[in-house]
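**Student:** Next come the chains, spelled out residue by residue.
2 protein chains.
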Amino acid sequence: MAVIVQKYGGTSVGSVERIKIVAQHIKDTKEKGNKVIAIVSAMSGETDRLINISKELSSAPSEREMDLLLSSGERVSSALVAIRLNSIGTKAIAMTGRQCGIVTDSVHTKARIRTINVDELKKHLDNDEVIIVAGFQGISETNGDVTTLGRGGSDTTAVAIAAAVKADVCEIYTDVDGIYTADPRVVKNAKKLDKISYCEMMELASLGAKVLQIRSVEFGMKYNVPIMVVSSFTFNPGTLVTKEDENMEKILVSGVAHDKNQVRLKISNVKDSPGMASKIFNTIAKNNINVDVIVQNVSNENNTTDISFTVTKEDADKAYNLLQNLAKEVKSGDVSINKDIAKVSIVGVGMRAHPGVASTMFEALAKEGINIRAISTSEIKVSCIIDEKYTELAVRALHDAFGLGE
Amino acid sequence: MAVIVQKYGGTSVGSVERIKIVAQHIKDTKEKGNKVIAIVSAMSGETDRLINISKELSSAPSEREMDLLLSSGERVSSALVAIRLNSIGTKAIAMTGRQCGIVTDSVHTKARIRTINVDELKKHLDNDEVIIVAGFQGISETNGDVTTLGRGGSDTTAVAIAAAVKADVCEIYTDVDGIYTADPRVVKNAKKLDKISYCEMMELASLGAKVLQIRSVEFGMKYNVPIMVVSSFTFNPGTLVTKEDENMEKILVSGVAHDKNQVRLKISNVKDSPGMASKIFNTIAKNNINVDVIVQNVSNENNTTDISFTVTKEDADKAYNLLQNLAKEVKSGDVSINKDIAKVSIVGVGMRAHPGVASTMFEALAKEGINIRAISTSEIKVSCIIDEKYTELAVRALHDAFGLGE
Numbered sequence: 000m001a002v003i004v005q006k007y008g009g010t011s012v013g014s015v016e017r018i019k020i021v022a023q024h025i026k027d028t029k030e031k032g033n034k035v036i037a038i039v040s041a042m043s044g045e046t047d048r049l050i051n052i053s054k055e056l057s058s059a060p061s062e063r064e065m066d067l068l069l070s071s072g073e074r075v076s077s078a079l080v081a082i083r084l085n086s087i088g089t090k091a092i093a094m095t096g097r098q099c100g101i102v103t104d105s106v107h108t109k110a111r112i113r114t115i116n117v118d119e120l121k122k123h124l125d126n127d128e129v130i131i132v133a134g135f136q137g138i139s140e141t142n143g144d145v146t147t148l149g150r151g152g153s154d155t156t157a158v159a160i161a162a163a164v165k166a167d168v169c170e171i172y173t174d175v176d177g178i179y180t181a182d183p184r185v186v187k188n189a190k191k192l193d194k195i196s197y198c199e200m201m202e203l204a205s206l207g208a209k210v211l212q213i214r215s216v217e218f219g220m221k222y223n224v225p226i227m228v229v230s231s232f233t234f235n236p237g238t239l240v241t242k243e244d245e246n247m248e249k250i251l252v253s254g255v256a257h258d259k260n261q262v263r264l265k266i267s268n269v270k271d272s273p274g275m276a277s278k279i280f281n282t283i284a285k286n287n288i289n290v291d292v293i294v295q296n297v298s299n300e301n302n303t304t305d306i307s308f309t310v311t312k313e314d315a316d317k318a319y320n321l322l323q324n325l326a327k328e329v330k331s332g333d334v335s336i337n338k339d340i341a342k343v344s345i346v347g348v349g350m351r352a353h354p355g356v357a358s359t360m361f362e363a364l365a366k367e368g369i370n371i372r373a374i375s376t377s378e379i380k381v382s383c384i385i386d387e388k389y390t391e392l393a394v395r396a397l398h399d400a401f402g403l404g405e
Numbered sequence: 000m001a002v003i004v005q006k007y008g009g010t011s012v013g014s015v016e017r018i019k020i021v022a023q024h025i026k027d028t029k030e031k032g033n034k035v036i037a038i039v040s041a042m043s044g045e046t047d048r049l050i051n052i053s054k055e056l057s058s059a060p061s062e063r064e065m066d067l068l069l070s071s072g073e074r075v076s077s078a079l080v081a082i083r084l085n086s087i088g089t090k091a092i093a094m095t096g097r098q099c100g101i102v103t104d105s106v107h108t109k110a111r112i113r114t115i116n117v118d119e120l121k122k123h124l125d126n127d128e129v130i131i132v133a134g135f136q137g138i139s140e141t142n143g144d145v146t147t148l149g150r151g152g153s154d155t156t157a158v159a160i161a162a163a164v165k166a167d168v169c170e171i172y173t174d175v176d177g178i179y180t181a182d183p184r185v186v187k188n189a190k191k192l193d194k195i196s197y198c199e200m201m202e203l204a205s206l207g208a209k210v211l212q213i214r215s216v217e218f219g220m221k222y223n224v225p226i227m228v229v230s231s232f233t234f235n236p237g238t239l240v241t242k243e244d245e246n247m248e249k250i251l252v253s254g255v256a257h258d259k260n261q262v263r264l265k266i267s268n269v270k271d272s273p274g275m276a277s278k279i280f281n282t283i284a285k286n287n288i289n290v291d292v293i294v295q296n297v298s299n300e301n302n303t304t305d306i307s308f309t310v311t312k313e314d315a316d317k318a319y320n321l322l323q324n325l326a327k328e329v330k331s332g333d334v335s336i337n338k339d340i341a342k343v344s345i346v347g348v349g350m351r352a353h354p355g356v357a358s359t360m361f362e363a364l365a366k367e368g369i370n371i372r373a374i375s376t377s378e379i380k381v382s383c384i385i386d387e388k389y390t391e392l393a394v395r396a397l398h399d400a401f402g403l404g405e
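Top to bottom, those sequences are chains G and A. First residue of the first sequence? That's 0 in numbering that gives the first Met the number 0, and the numbers climb one at a time after it. First residue of the second sequence? That's 0 in numbering that gives the first Met the number 0, and the numbers climb one at a time after it.
Since the hints were derived computationally from the structure, they do not count as laboratory data. Keep in mind that the hints are not guaranteed to be accurate.
Which copy is meant is left open, because identical chains are indistinguishable; a pair holds if it fits in one copy or across any two.
[Unchecked claim] Straight-line Cα separation of at most 20 Å, SDA-like style, residue types lysine to any residue; simulated pairs:
{"hint": "1", "residue 1": "K165", "residue 2": "N223"}
{"hint": "2", "residue 1": "K19", "residue 2": "S57"}
{"hint": "3", "residue 1": "K90", "residue 2": "S58"}
{"hint": "4", "residue 1": "K19", "residue 2": "L49"}
{"hint": "5", "residue 1": "K54", "residue 2": "E16"}
{"hint": "6", "residue 1": "K165", "residue 2": "N286"}
{"hint": "7", "residue 1": "K54", "residue 2": "K90"}
{"hint": "8", "residue 1": "K122", "residue 2": "K165"}
{"hint": "9", "residue 1": "K330", "residue 2": "V297"}
{"hint": "10", "residue 1": "K249", "residue 2": "R150"}
{"hint": "11", "residue 1": "K249", "residue 2": "N126"}
{"hint": "12", "residue 1": "K122", "residue 2": "T141"}
{"hint": "13", "residue 1": "K19", "residue 2": "M65"}
{"hint": "14", "residue 1": "K90", "residue 2": "M65"}
{"hint": "15", "residue 1": "K330", "residue 2": "A189"}
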């Protein structure tokens, strides 16, 4: 008897009709002889609706209360799916993050899971019940406050629970039917990948492929939980995210990602002395802002340097304010912000064994007259910051250059 | 420094604009030097919206899941009001039923509060914070499941918390400006009462005055918490529900109530032997259905009797099914149901000392040609079951007969 964890995103449970279809699919999975835990997101539109109301009440809503507010959407979905299952004859029980033992740190709106106590989950599985879990939430280890795991947190909930109960597979049902070599809305001949490694998926997720949240892939890799991305509209087999294998290494580049949700910040004329960069990035990190591509220029003549980096658009204003205070403190030059940038990246475990991939990328961009404003590389990806207006052009050029549509 | 508990109903927090007004009123109360705990209901329409979705998914939604579903509305309101208060400079914290220590029994959808652990509440009050509590909910003492207190449960939450923290007053903000001698929509010259006793209010609430939930008044009486009904639209002083005093006793009848939410069930030809009635009503009670007016006829010639009683419309189908099973079991006659009835009542502590009040009532109804189908009396009220179509006529006739509009 296999233990299957399923996760249904907002569009998958976005209406009464969709909830009926999802409940039926859960029932079918159960009746094939599996134990099933399903994690659900808020009905599509609900989270945005609540955020909009909160914005009408406050320009900077308190994060503790935002968590209480937003966690309600997932609770509603879990109750509704369980209600439906019970009415079609499948014993089901809805559980909140707290009830399934998810304890997090106390960083509101971006909490990280610390522990999962699986006693209650196991009790109900042993009792032959299907469990419907409200995704995206837990309670804080310090005081039991409701916390949320950030956007895409239901994926994290699903994979973390799959790891905790040692599930055979974690199926992520979503409104796409798998991971593609590029965004199909941008690249007409983008192809669906049958299989991809955890490492590649992490790069693609963080780079904006938007299918799986990066932390959920981290969890999957750490605990070796195979993650299957499936369309909740067709229920066709999608893309399996799993351990790296030999076949994957034969492919140079697996996909091209792009991310327009980036803003570039620059602090100029920083004194080029030890500890300066760490002072800046410590302050940013302490405020729970993730920094992406960092570029530090070579020293100017007057022994100062310019430091620039990118953050997401959500964090841009907060980071900008922090940087302005820092600039005063360390007596540096101006702080500037550029919101019209984007990041394009190529990803593939195969590039480890093949030098020259980066130069093929730069060449392809140059051929289209696209200026590269910053570069960041890892073992299995190369990212370039470019002007936002060239994003689609760049993605198509790279997809062609590496023959991904063939 | 007074401790003031306030409760805001669904229409009081029914829109962004209403939430702003409520937050401002809480802030004002705080700045007059009071400690404030505010209990909020779901935004108006939200609970019904969720109920309607659940009905589309199941004809008999599981009650445990309904509690999880419906409790979300109050959580949303509490977060939004706290967010607003923080943004206008008043330190506020939103708390769920669980977080303010409300533990209930395990009767889903109609749970009763067992205990309130006020440690957290006191901590935040001492910390000079305003506390915004999600009303209507707690967690079950047996397993920590979310429970709800039934319709009007936010009133119960408010009065129970007021009792637990020994508040000076519990203010119930609602869309009416007080308790009237009759429903002003029915009786044009109905008058607002400045003061009413707990006992009278309990009779009026249970009889359908709809302003305060009966259990909240019970709590108020038990712990001697003065309850002030206030309009959240005008903020004018409304009606104070408090201990009985001499002046109240001078008035014969304080108000006329009516309740159309009643259904009459009848089980005929029940064997007239000891234990028969208790068997029937035990079964009904075990299913958490409240029975109101009970009438048992004198024995028929064949030593059987008819037993009839009223329940609320919500419980009607459940009670009818139970009764049909019982009828088979005890080999009685048919079970019938009449949904076209209503209850009209006169209430007043003064009637204890004045006989003849009931006959004035029957006379007034007879004069209008209204047939009385059942009668139920207590020390301070007389209720008559009549055909539903006569309800308004009856209420006006009784209001006049006791000179309440003068």
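**Student:** Among the hints numbered above, which are violated by the structure, and what are their numbers in rising order?
**Tutor:** 6, 10, 11 and 15
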